[in-house]
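Under this note's numbering, think of the first position of the sequence shown as 1, with each following residue one higher.
Check before you lean on any hint, since a few could be wrong.
Claimed, not checked - In silico DSS-like links for lysine-lysine, alpha-carbon gap of 30 Å or less:
| id | residue 1 | residue 2 |
| --- | --- | --- |
| 1 | Lys30 | Lys126 |
| 2 | Lys9 | Lys71 |
| 3 | Lys162 | Lys70 |
| 4 | Lys139 | Lys126 |
| 5 | Lys9 | Lys112 |
| 6 | Lys126 | Lys74 |
| 7 | Lys126 | Lys160 |
| 8 | Lys51 | Lys9 |
| 9 | Lys71 | Lys164 |
| 10 | Lys30 | Lys9 |
| 11 | Lys137 | Lys27 |
| 12 | Lys126 | Lys9 |
The set of hints was computed from the structure by calculation and includes no laboratory data. The structure displayed is predicted, hence computed values, not measured ones.
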Amino acid sequence: MTNLEIIKKKIFSRETLLRQIAIWRMKDLKIVFTNGCFDILHHGHVDYLSKAADFGDVLIIGVNSDASVKKLNKGANRPIQNENDRALTLSAFQFIEALIIFEEDTPYELIKAVQPDVLVKGGDWKETDIVGADIVKAKGGSVISIPFVEGYSTTNIENKIKGK
Numbered sequence: 001m002t003n004l005e006i007i008k009k010k011i012f013s014r015e016t017l018l019r020q021i022a023i024w025r026m027k028d029l030k031i032v033f034t035n036g037c038f039d040i041l042h043h044g045h046v047d048y049l050s051k052a053a054d055f056g057d058v059l060i061i062g063v064n065s066d067a068s069v070k071k072l073n074k075g076a077n078r079p080i081q082n083e084n085d086r087a088l089t090l091s092a093f094q095f096i097e098a099l100i101i102f103e104e105d106t107p108y109e110l111i112k113a114v115q116p117d118v119l120v121k122g123g124d125w126k127e128t129d130i131v132g133a134d135i136v137k138a139k140g141g142s143v144i145s146i147p148f149v150e151g152y153s154t155t156n157i158e159n160k161i162k163g164k
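Construct the entire structure; sequences and hints are all you get.
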């Protein structure tokens, strides 16, 4: 199997992800979930995702579909990369076990299906505003907000490319 085939296997459909989660649960592995657009990967993303992975044994990433990114009003040109390219790029990180592209406006239904032990979001989110926090806390899990690395954002990179 080639390296590309190996990393592509990390991108799951909902049905196959839920089957894989059942296997991880039988092995008593701690499941961490986070989500985002991850349009242009940068230092801040690497820092955030690697720290998220440290909170458990399995890191699952919910990647916003192209349609859901557009609804977030991140800008007329966003997403810059399509959902499949964003998922493939993320799947190359060895500390990420699974990715799933979600179409909904929020990952609430996905979090309900995954039932992670730990839910992680970036530092701009207060725990009370984190989608799915109620689900994770109800089952005794943890909700964690990881501080941003100052000076890094996709918007900043986009503006730099545009010469702003």
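Evaluated hints:
no., hint, result
1, Lys30 x Lys126, "holds (23 Å)"
2, Lys9 x Lys71, "holds (28 Å)"
3, Lys162 x Lys70, "holds (20 Å)"
4, Lys139 x Lys126, "holds (20 Å)"
5, Lys9 x Lys112, "holds (23 Å)"
6, Lys126 x Lys74, "holds (20 Å)"
7, Lys126 x Lys160, "holds (28 Å)"
8, Lys51 x Lys9, "holds (23 Å)"
9, Lys71 x Lys164, "holds (24 Å)"
10, Lys30 x Lys9, "holds (20 Å)"
11, Lys137 x Lys27, "holds (22 Å)"
12, Lys126 x Lys9, "violated (33 Å)"
Against the hints set out earlier in the document, a violation occurs for number 12 only.
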